[in-house]
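Asks: So the protein sequences, as listed, match chains A and B. When the letters of the first sequence are read in order and numbered with the working numbering, they come out as residues 1 to 523. When the letters of the second sequence are read in order and numbered with the working numbering, they come out as residues 524 to 1037.
Simulated from the structure, these hints should not be mistaken for lab results. This structure is a prediction, so every number in the text was calculated from the model and none was measured. Be aware that a few hints might be false.
List of simulated lysine to any residue pairs, SDA-like, C-alpha gap at most 25 Å [stated by the list, open to error]:
hint, chain 1, residue 1, chain 2, residue 2
1, A, 506, A, 242
2, A, 139, B, 633
3, A, 139, B, 931
4, B, 800, B, 810
5, A, 260, B, 621
6, A, 139, B, 800
7, A, 139, B, 939
8, A, 139, B, 935
9, A, 260, A, 224
10, A, 139, B, 624
11, A, 139, B, 621
12, A, 506, A, 341
13, A, 139, B, 810
14, A, 139, B, 991
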Amino acid sequence: MAKLRKPRTSAVDPAAAAAAAAARLPWHPPAPPVPTALLISLAALLVRVLVSVGPYSGQGAAPKFGDYEAQRHWMELTLHLPTSDWYRNTSDNDLAYWGLDYPPLSAYQSLLHGSLVNASLPDAVALRSSRGYESPESKLLLRWTVLSSDLLVFFPAALWFVWAYMKGGIDVSGEERREGWTWLLAMILISPCLVLIDHGHFQYNCISLGLTLGAIAGVLSRNELIAASLFTLAINHKQMSLYFAPAFFGHLLGKCLKRKYPIVEVMKLGFMVLGTLALVWWPFLHSYQAALQVIYRLAPFERGIYEDYVANFWCSTSVIIKWKRLFAIKPLKLMSLSATILAFLPSFVQQVKSPSNLGFLYSLMNCSFSFYLFSYQVHEKSILLPLLPASLLALREPQMYGWFVYFALFSMYPLICRDQLLLQYIAMLGLFFLIYYSPGGNQGKRLKVSCGAKVVLSLPFLCSLVLNISYLQIEPPKRYPFLFDALIMFICFSQFVILTLYTNYKQWMLDTHSRSIGVKKDL
Amino acid sequence: MASTASPATSAAAWAFAAATCVKLLLVPTYRSTDFDVHRYWLALTHALPARQWYTDASSQWTLDYPPFFAYFSRVLSLPAPLVDATLVSIPVPDAPPFAHLLYLRLTVAFTDLLLLLGSVLLLARDARRRQRPFLALVLVLWSPALLAVDHVHFQYNGFLMGLLLLSLYFLEQGWDLAGGVVFASLLCSKHLFLVAAPVYFMYLFRHYCCGRGVVKGLGRLVLMGSGVAAVFAVAFAPFVYYGQMQQVFNRLFPFGRGLCHAYWAPNFWVFYIMLDKILAFLLRRLGFNIAIPEASFTGGLVGDSSPFAVLPKVTPITTFLLVILAMTPCLVKAFSNPQPKHIIRWVSYACTCGFMFGWHVHEKASLHFTIPLALIAMDSLNDVRHYFLLSIVSCYSLFPLLFENQEYLIKVMLLLTYAALMWVGFTSHFAANSDQEGKKVNRPGSTVKNGFIGWVGLSYLLGIAAIELWSQVFHHHVFGDRLPFLPLIMVSLYCSLGMMYSWMWQLVCIVRHT
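So that you can see chain B by itself, here it is in the shape it has in the complex (with noise of 0.2 Å):
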């Protein structure tokens, strides 16, 4: 065994190495305003005791993630001293230096062992996987919308990946007790992750607790309950020993924020927003009376005024309901045949559900759900051509998160980069695969290459590059300075076909599949 584990490893370290010499190479790239609200983070964490972390307002950065992540803060807070004592000192200084920033980067970097433990745990176990583990693992590091959105954006996106992945690891490893816990740990880090809770709670109470009689069942359930509760109380107890809780919930749930973001995420409600501006329009022409909304979504502001002029006005509650209902058909499968294999589909599913109908989602959430896909991109064909689609979407999408003109080449290099990859290995991985198998194909390469995307694909992503250049050339040239929003507008919504097509693909195979 050690001896097929050996080039194994050394691959993974190898793909790791690589990825943080790329990371490296990034350090001096655009960071947003995350970066601040991080840097912050870091100082208050590590300047201040946890009783004033929720309460702090010398930055307008406050903290607005639950414990956990305030925890793992000022773990990483705590070589800072041994760099910059002004690192860590509150309050944090307006222009950080070089140091600062590499040191932040860094952290960002060294986290992502834990995304790398997590995939390379979840590829070594399943034997089909096993055929070219290494493709899916650099799937994962090399993916380009984590680069962006982790090393050039400032996130750290690619540790909570890995915490994912690692409780996706016990669920398939069949150690549901652990799987449940790092999960609940992972909510206690960002509750973003919510999503994906039925799921879980479904998959764990039929898998871990029934099927087992009464009595053991009862009691698995009990000590299921008590080691999620555990960690709670272990995120939460201080801060309802300090009486802060009301504080700390508004903190991580404001609602008061609008249906979307300033930048719309690329997914169903883009539909519905370009419906009710396309029925104004219409209703106007043929002579109603339709008022302009005194809310725009494109000034990104939102009040309690419905930003729609025909179409009912949407609330939290709606589309918590259309989540939970998108994602029903995978709770019932989950529920009646509840399987360690499909896990990570359901997961991903479930996500995938949370980012198309969810209430103020941000285009970065798309990462949660491309990247466990990765993982079992290479089960099948069909697999192939859907995270072909979606990789490029997904990273298209965020695409208008890095806007200066320094990061351009950057983005679409690193975007073409990663098609060609996918190009390469998954061809290459068919070919050989088909002639391991001993299949009679003439040219092994060719069946593939015909058929991998398909023509409607193909004119799909070329459509991007279309887009593309219309945002950046033409646009220009045709309306000058008017209509500054169109170009991102177009991209919301071209992005948004492909991401409505992974879901609707998405759900099909879990229908037929699981």
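Looking at chain A on its own, in the form it has when it is part of the complex (with noise of 0.2 Å):
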């Protein structure tokens, strides 16, 4: 790999020594790692209770409010309903608002942060009463309910996954092994759009995506059985993880069938898997009814094929195919979900064939890319989930990461603005691509990109920068009134295609890299 390496200079000439010195970061190396591990978590921390700081998605939106009123909703109904009262409508539980439409893991996670806040705040989570409960207070509790479920499990699973990595998960030079790990670490940790969503417009992906990280982290040291437990309980927070599957499911498959025993090794992972469903599933394996209940709830198919402006297939091509219209229902959902199975195959394939540690990685990002693209009923905060297997590619992939984080916010802007997010979105936005570019790391230098292909790519950044204010500024025609969230969609509908087939294009190189290596090695 040809890589930009510093000349070692303290032999050599004392300024330019004096300069390295100056370009060193703080947490350089000789820094000792544990508490530069902390340092970068305290950090992200810091940013994340910064964040909190701003309005959450509906503050003061009666009657319906946003996903801070749908999440208290939930501590609410979970704490003063008995678990079978939870999916089902009642005169207590009226599920044409904002009902439960999440696994019961993520109801078990409600009930306990709902006992949290009912211990200092009973009004905030009142049954009935509570409706639209909004002041400081509750805010407050309720952002620490996210702060602390990110500094239990996705914090954590991100230390894991940088050691795994580290430790030999994926090939790493010397020089990344030794400065690489805290860069990386910070990409993971400062991920901008988890960090708005979570701590700004107010969700808890964090819990899902760090049980997803855990499990990618098992993975690659190897605890296959650990990873298919924690990638159960992601899908049990919340079903959006199942984009993940077929690359989980492809990697572990052909893990097992290179071993000695295949058939044992899956059942094996099958038994894993279905012990900690059940678990998770216990309050409603009584009866074939309830069970059907929780599952209908999860599956909202009467919601449409796609929601706003979101950047995916679908919606994009609507402008020229009205598929809603075109289409019921039925025929959509096999449409989408053959659409979809076709565009992870390659890379499920890839995985079954030959299974390996980055593969996976690529493939985790490809299979969810195909599910954001193609799946039905995606919202625009999906794209959180290609998103972390992209940051675990950073130091592979830094160009790709970086032009993905951009768009992607950029994809997330609409909603931004209508949570009146705006200065965190700036401020996220410039601390990400400060850290990204920190000085005396060698990311963003790697690549050299002729002059005409820079035209070609920076054609999109400035479309949307010019869009990020004429949203703000211009009032679109009475016509066409999301006419900039339209072109917003488009732009980043573009880049995500690309990148998705770039990465796509490297999972499938990987293969004949690593057999052209094999060969030089047998030679």
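Since each chain comes alone in its own frame, lean on the hints to assemble the complex.
Replies: Here it is as structure tokens:
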């Protein structure tokens, strides 16, 4: 791998040594690793705390409010109703008003947080009377529940992942092992989209993504059983984690097939998954009807194939082909399912054929992207799912990751504006790219891009800048009130398609690359 | 030279930009009445002629800074009408809209550029500090105390500290006249820096005027005098012309205030008050008839009667003499051997004396010496140990400023992150240096780590955590709503121990090494 390596300066030239020292960050080696990891985690937590000062979705927007009210309402429900009534329409549980539509682990988490909130501010989660309850104290308490979940789930998972990555989960050079890990950890922890959605908009993605990240770390450090169990938990927290399922399935299947007793290995994993599932679903397993009721709540097909202006295939092409008008729900379901499967199939096949840790990371990204682009009922927030594996690949694909983060953030711009988080958006964007281009780091210098390519690449970037401003300043024409939303969607969609084609290509090239190395070794 | 300057410059810009992002995130946080004060001043200096600046009473937040600060407000208000005309109209609206808040917050972040300039210049000068200026720069720009006071509580200390650092830079560079003039303009912006004036005077007199023969010396004395006088003239001449000097003076020096602020700054007087209380308690136990003083410190209001039960009353003159006395060793050093390389240390020490013994000191004044000391914190291992302790104590003593729940995690996280940053930065700095100098140390990190702050320092810092835990959790359980001021008193008392240590350490350092 051709890489720009800084010449060892200490022996040569004192001025150059001074310059290198000047540009070296305090947390570069020989900084002690444990305090450095602590420092990065503290900084990431500080950023989250700062973002959480801002407004949340639906603040003061009666009568429907937003995700904050949804989470608060779930706390209220799970706290006061018996488990059997959580997913049922009863006199106390109006499913039309933010009914629970996440799997049981989410409900347990709501119960836990609800009881914490109840201990200090019972009014905020009182049954019925607390609808639309908003106060500075309740905001603070709920924000703290997100912060603590993030700290308890996502942070340890990220640390474990970086440790596993550097311990040989992925081939890394000596320099990367010494210096790159701080950057990688910062890239994973200070992911602006995740921070803005969880601590600004208000959601608990950190839990499901953290569990997924833990599962990935488990795969990298060869703890497949733990990985399987953690990933099952992730799915049971948010069904959207299923976006990663083909990658996990393909990779673990491929690994098992390579072993001595493939059937036994697969059985072990299967038992682990089923056992975890049974544990989580225990209260709903007493009758077929109860379990079906939950599943029915989890798949809201009646909400249509897309909502708002999400930068995926169905929404972007709907300008030309009116999918919603042309087809009923049933054929649409079938179409989206087959399109999704077709999209992730190459990546899946590659992992079954030759599973590797690096290939697994690429596969995670490709599979989740195929779901984002083609599956049914995708939200703009779902871009967080492909972003997670992209951040894990940050050391391998720094350009790709920077590009992706920028457009992922941009794709959420209308949402951010609705939530009045513009200030936080600017600050997070700035912070992220400052860390991305931190002095002394050699990220962002690796790829030499030709001038013509630069012009082509900067075109969507310039468009996005113009749109950023015009979205706020210019009134769209009356005939097309969502003109700017649509333009943002088009730009992001085009970038996402290019990105996923690129990562699919990279994943397949891994195979030929490693084969050629293997051939060389044989010689 | 350009090749060595460019990474350092870009690193400086990087650190400043990162700090600015954090400042942006701090925009919606709590702000104190100081925000209303500065908002009113902005409108006042823009809407009214200078003649009315010190006489207008349309708001309770009257202008009580020297004229340069008023001019500064005036400059900041110039672009304001482009944003919102109501920003600079008198009377100011009661509840400021978000745009006003954003504008004022951004002016603070923008004027911090002077702080950046001052610290970059100072760090680029000294060859020894160039080993790792980035860390020292970061220590200044990311200082949690500065962030809390300027960008949450709302003040313009970054700008003022920038002026101070700029004048220190000129002195270090040997451009004494420029240093004196900049310091004079700092005095005309915030007169609290008067405590540093004796050191400046002594140093400039000896370094600039003496040792060059009588005629040249006198000539230089006149030059410096006229330079400083010109600055003061520019500042105060309009108000002399309007015949408002008495009014300006009354606004600047409100001696009606008590010895201590409502929340006691962690200085010497905390011990004095506590001693008085303990003595009074003991004597009462022994059967003496000790009257409870009418004025109390916790009430904040101090009239003419002495607030002390046993110990003698403290007057402004006493505090003034004490400050001068404490400063004497430093003044003697500056007189006998005026060297530019020690000027930062001397000025910081003078500010420390003012903080420890001054009249009606605010806890925020600890910034005036922690910021300059950050720049020389990397000079030696002893400096590092001292700065590590001092910066944490100084920041912790500011905690009561941000008393609302929303800011609780912010201030804690700011302090913890900064402490971790210092820990990582200092250990790696000294490990790297012992590597470079080729010292035969088996494990470079370990020596530094073990001897970094020592067990006394460490247990003192852990004591801070204990105090915080007590005041946040246990106090409420034990005392309920009684003794609401006890946690504050504990914080003051505990922090003043650390401040006292810092003062003595600086004193010893100056006596021994300068």
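Asks: Compare the structure with each hint and give your call.
Replies: Taking the hints in turn, this is what the structure says about them:
Straight-line distance between C-alpha atoms of residue 506 (chain A) and residue 242 (chain A) comes to about 23 Å, which keeps the hinted pair within the 25 Å bound. Between residue 139 (chain A) and residue 633 (chain B) the CA atoms are separated by roughly 31 Å; this puts the pair beyond 25 Å, and the hint is violated. Annotation: proposed proximity of residue 139 (chain A) to residue 931 (chain B) holds, straight-line Cα distance about 14 Å (limit 25 Å). Simply put, residue 800 (chain B) and residue 810 (chain B) have alpha-carbon atoms about 15 Å apart, close enough for the 25 Å limit, and the pair holds.
Of the supplied pair hints, the one linking residue 260 (chain A) and residue 621 (chain B) is violated, its CA atoms being roughly 66 Å apart against a limit of 25 Å. With a C-alpha separation of about 42 Å, the suggested pair residue 139 (chain A) and residue 800 (chain B) falls outside the 25 Å cut-off, and the hint is violated. Simply put, residue 139 (chain A) and residue 939 (chain B) have alpha-carbon atoms about 24 Å apart, close enough for the 25 Å limit, and the pair holds. Note on residue 139 (chain A) and residue 935 (chain B): the hinted pairing holds, with a Cα-Cα distance of about 19 Å set against a maximum of 25 Å.
In summary, the hint linking residue 260 (chain A) to residue 224 (chain A) is supported, as the alpha carbons are separated by about 16 Å, within the 25 Å threshold. Only pairs whose Cα atoms come within 25 Å are accepted, and residue 139 (chain A) paired with residue 624 (chain B) is accepted, the gap being roughly 22 Å. Restraint check for residue 139 (chain A) and residue 621 (chain B): the C-alpha separation of about 20 Å stays at or below 25 Å, so the hint holds. For the hint linking residue 506 (chain A) to residue 341 (chain A), the alpha-carbon distance of about 19 Å falls within 25 Å, and the restraint holds.
Pair hint residue 139 (chain A) plus residue 810 (chain B) does not hold up; C-alpha atoms about 54 Å apart against a cutoff of 25 Å. The straight-line distance between the Cα atoms of residue 139 (chain A) and residue 991 (chain B) is roughly 24 Å, inside the 25 Å bound, and the hint therefore holds.
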